[in-house]
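2 protein chains.
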Amino acid sequence: MAQFTVDLEWQTDKQGRLQARTNPRLLVATPPEFGGPQGVWCSEELLVASVAGCLMSTLLYFVEKFQVPFEAYSSVSQGTLSKTADGLRFTGIEVAVRVTVPDAAAREKAASLQLKEKLEKYCPVSAALNCPVRLALSIAAASDGLDR
Amino acid sequence: MAQFTVDLEWQTDKQGRLQARTNPRLLVATPPEFGGPQGVWCSEELLVASVAGCLMSTLLYFVEKFQVPFEAYSSVSQGTLSKTADGLRFTGIEVAVRVTVPDAAAREKAASLQLKEKLEKYCPVSAALNCPVRLALSIAAASDGLDR
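Residue numbers (the numbering used here), protein chains in the order written: chain B, 4 to 151; chain U, 4 to 151.
In case anyone wonders, no lab produced these hints; they're calculated from the structure.
Misleading hints may appear alongside valid ones.
Result set (DSS-like, lysine-lysine): computed pairs, CA atoms no more than 30 Å apart in a straight line [stated by the list, open to error]:
{"hint": "1", "chain 1": "U", "residue 1": "K124", "chain 2": "U", "residue 2": "K112"}
{"hint": "2", "chain 1": "B", "residue 1": "K86", "chain 2": "U", "residue 2": "K86"}
{"hint": "3", "chain 1": "B", "residue 1": "K112", "chain 2": "B", "residue 2": "K124"}
{"hint": "4", "chain 1": "U", "residue 1": "K68", "chain 2": "U", "residue 2": "K121"}
{"hint": "5", "chain 1": "U", "residue 1": "K124", "chain 2": "B", "residue 2": "K86"}
{"hint": "6", "chain 1": "B", "residue 1": "K119", "chain 2": "U", "residue 2": "K86"}
{"hint": "7", "chain 1": "U", "residue 1": "K68", "chain 2": "U", "residue 2": "K112"}
{"hint": "8", "chain 1": "B", "residue 1": "K112", "chain 2": "B", "residue 2": "K68"}
{"hint": "9", "chain 1": "U", "residue 1": "K86", "chain 2": "B", "residue 2": "K121"}
{"hint": "10", "chain 1": "U", "residue 1": "K86", "chain 2": "B", "residue 2": "K112"}
{"hint": "11", "chain 1": "B", "residue 1": "K68", "chain 2": "B", "residue 2": "K124"}
{"hint": "12", "chain 1": "B", "residue 1": "K86", "chain 2": "U", "residue 2": "K68"}
{"hint": "13", "chain 1": "U", "residue 1": "K124", "chain 2": "B", "residue 2": "K124"}
{"hint": "14", "chain 1": "U", "residue 1": "K86", "chain 2": "U", "residue 2": "K124"}
{"hint": "15", "chain 1": "B", "residue 1": "K124", "chain 2": "U", "residue 2": "K68"}
{"hint": "16", "chain 1": "B", "residue 1": "K86", "chain 2": "U", "residue 2": "K121"}
{"hint": "17", "chain 1": "U", "residue 1": "K86", "chain 2": "B", "residue 2": "K68"}
{"hint": "18", "chain 1": "B", "residue 1": "K119", "chain 2": "B", "residue 2": "K68"}
{"hint": "19", "chain 1": "B", "residue 1": "K112", "chain 2": "B", "residue 2": "K86"}
{"hint": "20", "chain 1": "U", "residue 1": "K68", "chain 2": "U", "residue 2": "K119"}
{"hint": "21", "chain 1": "B", "residue 1": "K86", "chain 2": "U", "residue 2": "K119"}
{"hint": "22", "chain 1": "U", "residue 1": "K68", "chain 2": "U", "residue 2": "K124"}
{"hint": "23", "chain 1": "B", "residue 1": "K121", "chain 2": "B", "residue 2": "K68"}
So here's chain B without its partners, still in its complex pose (with noise of 0.2 Å):
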């Protein structure tokens, strides 16, 4: 069991301090659209922040698990928020998740663990939400961008 704790300190205006261990100081606000600042991430962020985040370290330890050679991981995630009758709610996140390896060989390794599947099971933030997560993953080849 690990646990994680977070405290927040509203500041002013919509604008409020979190704070976690030593963590760096992380401010959050009401986003723009209902009328927080510019320039200070909001939870809706931090929202999809967590799954982004979490996904990697996921992959991350499966790479390290299955020894698959390893270079470069991004995503682009986006989280939508729409009117329903009860009230705003997320509707839906979407990650796209670009991997790359250095070479086929190590492509096809990654291909046969079924990364996918296993990020979607065992990826806990992910896991924590009731609206779907709807995940992307591209493996690419370093090597394949080269000329030889």
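Assemble chain U onto chain B, guided by the hints.
Chain U alone, transformed into the frame defined by chain B:
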């Protein structure tokens, strides 16, 4: 409808860099419990932070809407991750919110609004979770602590 986009780029070891709009740089890493570094926000903390921040934004919305005099807001939140037959799962997030209003009249006004029930219903991040979010809300009057 509102959309929230977050980019993530893996940097090194178990750490990546999150970016959204013009927000400050935010690093994310696997938690220390699972081999990540100290001093970096982990995804589990970002999830708890998103719940904490969204509850604050939702309360600020209602305080403004119903013109409740308001002095301070803070919260302590804790998410619990447990091993289950399906893997690691969030089994609950506890949030203790403390709101301070100037005096007994404001406290009575706030109490009459059933803010706890409103937060539970209208906080979109809490509503996006399938694990229990247990909220405790206390409303104190600043004048109670003064010698008069």
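Okay, the hints, checked on the actual structure:
1. U/K124 x U/K112: 20 Å, holds
2. B/K86 x U/K86: 35 Å, violated
3. B/K112 x B/K124: 20 Å, holds
4. U/K68 x U/K121: Measuring from Cα to Cα gives roughly 12 Å; hence the hint holds.
5. U/K124 x B/K86: 13 Å, holds
6. B/K119 x U/K86: 21 Å, holds
7. U/K68 x U/K112: Roughly 13 Å between the alpha carbons, so the hint for U/K68 and U/K112 holds.
8. B/K112 x B/K68: Since the Cα atoms of B/K112 and B/K68 sit roughly 13 Å apart, the hinted pair holds (cutoff 30 Å).
9. U/K86 x B/K121: Measuring from Cα to Cα gives roughly 16 Å; hence the hint holds.
10. U/K86 x B/K112: 28 Å, holds
11. B/K68 x B/K124: Holds: B/K68 and B/K124 sit about 16 Å apart, inside 30 Å.
12. B/K86 x U/K68: Measuring from Cα to Cα gives roughly 19 Å; hence the hint holds.
13. U/K124 x B/K124: Answer holds: U/K124 to B/K124 is near 28 Å, not above 30 Å.
14. U/K86 x U/K124: 29 Å, holds
15. B/K124 x U/K68: 41 Å, violated
16. B/K86 x U/K121: 16 Å, holds
17. U/K86 x B/K68: 19 Å, holds
18. B/K119 x B/K68: Holds - the C-alpha atoms of B/K68 and B/K119 are around 15 Å apart, at most 30 Å.
19. B/K112 x B/K86: 43 Å, violated
20. U/K68 x U/K119: The given pair, whose Cα atoms are some 15 Å apart, holds under the 30 Å limit.
21. B/K86 x U/K119: 21 Å, holds
22. U/K68 x U/K124: 16 Å, holds
23. B/K121 x B/K68: At roughly 12 Å apart (the allowed maximum being 30 Å), B/K68 and B/K121 satisfy the hint.
Hints 2, 15, 19, counting from the list given before, are not met by this structure.
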